[in-house]
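**Q** Below, each chain spelled out in residue letters.
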Amino acid sequence: MTFSVVLNTFVQLFKGVPVTLTFIIFAWILGSSLSILVTAGRLSQHQWLRAILTVYVSFIRSVPIVLQLFLVYYGLPLVVKLSLGIDLSSVSKMLFCVITFTLYYGAYLSEILRPSYLTVSAEQRDAALSMGYTPLQADIHVLIPQTLSIAIPGLGNEIINLVHQSSILFVLGTVDLMGQADTIVSNDYTSSPLLTYFCAGLIYWAIVIILNLVLSFLEVRIDKFRDLPSERSLIR
Amino acid sequence: MNQKIFLSDFWNIWTVVPQTLFLSLLILLLSIILGTGLTLLRQSQNRLTRIIYRIYISYFRGVPLLIHLLVFYYALPPIVKLFSDHLNLHVDTLHLNPIYAVLISYTLYAASFLSEIIRSSFKSVGKDQLEAAAALGYTKYQQFFAIKLPQALTDAIPKILNYYTLLIRQLSLAFLVSVVDIFAKSKLESADNFYYIESFLAAALVYWILCIALTLLFSNYEKYLRRFERSNAA
Amino acid sequence: MLKLRNIHKQYSDRTVLNGIDLDAKKGEVVTLIGPSGTGKTTLLRTINLLEVPLEGKIEIDDLSLEAPNLSKNDKLALRRKTAMVFQQYNLFKNETVFQNVVQPQLLVKKRSKIEAHQIAIEALKQVGMQDYLKSYPSQLSGGQQQRVSIARALALNPEVILFDEPTSALDPELSQEVLTAIRKVKQAGITIILATHEMRFAEEISDQVVFMEKGIIVENGTPEQIFHHPQKQRTQAFLKHYVQLPSIKTVDASSRFSSIKKIKVV
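Chains as they are written, first to last, in the working numbering: chain E, 22 to 257; chain D, 42 to 275; chain F, 13 to 278.
Hint data in this document are derived by calculation from the structure and do not stem from the laboratory.
On a predicted model such as this, the values are computed, not experimentally measured, just so you know.
Heads up, the beta-carbon is just placed ideally off N, CA and C, and yes, glycines get one too.
Each hint should be verified, as a subset may be incorrect.
[Unchecked claim] Taking CB as the label site, the calculated pair distances span:
#, chain 1, residue 1, chain 2, residue 2, range
1, F, Gln-237, D, Ala-175, 48 to 58 Å
2, F, Lys-252, D, Thr-256, 50 to 60 Å
3, E, Gln-68, F, Gly-154, 35 to 45 Å
4, D, Lys-164, F, Gln-237, 55 to 65 Å
[Unchecked claim] If you want a taste of the chain E side facing chain F, the calculated C-beta under 10 Å gives, among others:
#, residue
5, Ser-113
6, Ser-151
7, Leu-169
With the hints as extra help, turn the sequences into a complete structure.
**A** Shown next, in the form of structure tokens:
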């Protein structure tokens, strides 16, 4: 095992990094947008809407993401074909991945946003309403900014979770970082699976370390009004 | 959607539920032990030990579980072979059961999270509680076993049980090394007849039922554990 | 100018306010005294419509509202004539002192930024907090936070400011600075409804003292009448407690924060 072999492995693996990063950005933007809607729905007055969303969140949280990925990959084309008559067989696999992760994070992130919103004390709302703020003004100017600052550590952990969970996409044959590793192992019989996967792991590690640095920087900036430094824990 | 196949898949999948629950439990117990050890490393006076702890935590939390699994799957046979040759154990490393790779990688990974749960639980027991005990004349030993440990456990157990349900879901990756859990079973069911949707839906339903049942069970247990914290709100 | 008629409020099966009538003239200071859990806080929150009464009539100037059928606009209209100072200060944690005083003016009064800034500085000067414009609430002491919260109320030029036990969460020394700020509010000619356990302060500042118990007004009158010649037996019994211990200060947070026990500082 020479240095050039290692270098070559890294060069090949790096081809997957842009795919992984692009996927993460898309899934995060779509997932967090959905989660805002889900949170608003779960806090709304409509009982039927709350019931539907509770069932949705419960399902997503109970089923492993790899199974959800297969369900969407095999199930969605079937449903679309039967209901709309559109054939999805030539659509990019990445679309199914993005849909799965959007649904997944739409549910998970609402589980962070909703309790954070409820934690912002009733007293803060009282203060705003007592001066004649409309409920919407109270939300926008007082409650949502405080919700975000409470939610940020949790949201940060979920980004890192997202990076990790994106590694499962390769089961559909994608060309992201883990997909590249899988391609090397299955196409090049001289390659060492151990070395290849380990190197892929190192790249994921580096991504996570950089993300953690960015996140703790952001946290300090956004959290300037809270006196106690919050402790980030990676457990959900 | 073939209902008959769905139903037969559904019942067949239940047959692997006990072993899935057992394997997850085994991993959980092993990682509690390792996690406690890690917590001790962290609190060590020795700087090197603390650095080792930090690198361990950073690595096992920084790299996806999937990769830990595959790395140990490929690394284990040569390591075992090395020991076996050295000690003349004649272990058949070519047919090493992949379950060992699952056990080791999952335990190392889960321990990095459980050590945090355990540490924060011990931290959550207030100094005032121990001071009260000391003031009453408890020995250090009595303070730990009568006050600190029970209170820390009350805090830790619900979190650990929550981690257990997460482990059950995470075990779904084990199909990559052909260890059969709930998800792997559903893949096997559909491998012959190509009724993918039926078997995946059946598996999802099994997970859902299992998760709801366990969550209910655990939250009732948590209520029982926290009975003395009940606030007497007006 | 403030007129309450027959206010009733119930939580599930517990009656909290059982027919309250109250009148306050413009610029008058009305103090609510009485045992804790007697409905003083609820009454204040009702005047602000943070709690909607089961029945009753609330009038401020030309605005007259009949409970319980109140629209969103009714609530807004009433709240824009009143402001509230809470026991736990309730400053917006995500905003600096300056923002806390400026933002409500922009949102509620629709003032221009320049005007709002001037008024905010003026209000903060009145309570002696003009040197803390850029501080966040978490960086201030309780007394300082409460003074900012008074400035926030002042800046809105309300007809009435409702004070809900504004010094109950504070040490005696810190209470003094808040009481001084309340005197300033009185000097500004704003009507004050104040719930408090500070009997000496109540006697000094009030035009009208109202003794409440179990959701009804037992007795009301001038400070002289209530504190020195109370007519009703219940009032006498309640005040005896304070006469015997003249310097007592009761920190009473039990009505909303059950975990905090009643502490008496002598």
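**Q** Indicate, hint by hint, whether the structure satisfies it.
**A** Do the hints match the structure? See the list:
| no. | hint | result |
| --- | --- | --- |
| 1 | F:Gln-237 / D:Ala-175: 48 to 58 Å | holds (56 Å) |
| 2 | F:Lys-252 / D:Thr-256: 50 to 60 Å | holds (56 Å) |
| 3 | E:Gln-68 / F:Gly-154: 35 to 45 Å | holds (41 Å) |
| 4 | D:Lys-164 / F:Gln-237: 55 to 65 Å | holds (57 Å) |
| 5 | Ser-113 | violated (42 Å) |
| 6 | Ser-151 | holds (4 Å) |
| 7 | Leu-169 | holds (9 Å) |
The structure is inconsistent with hint 5 alone, although it conforms to all the rest.
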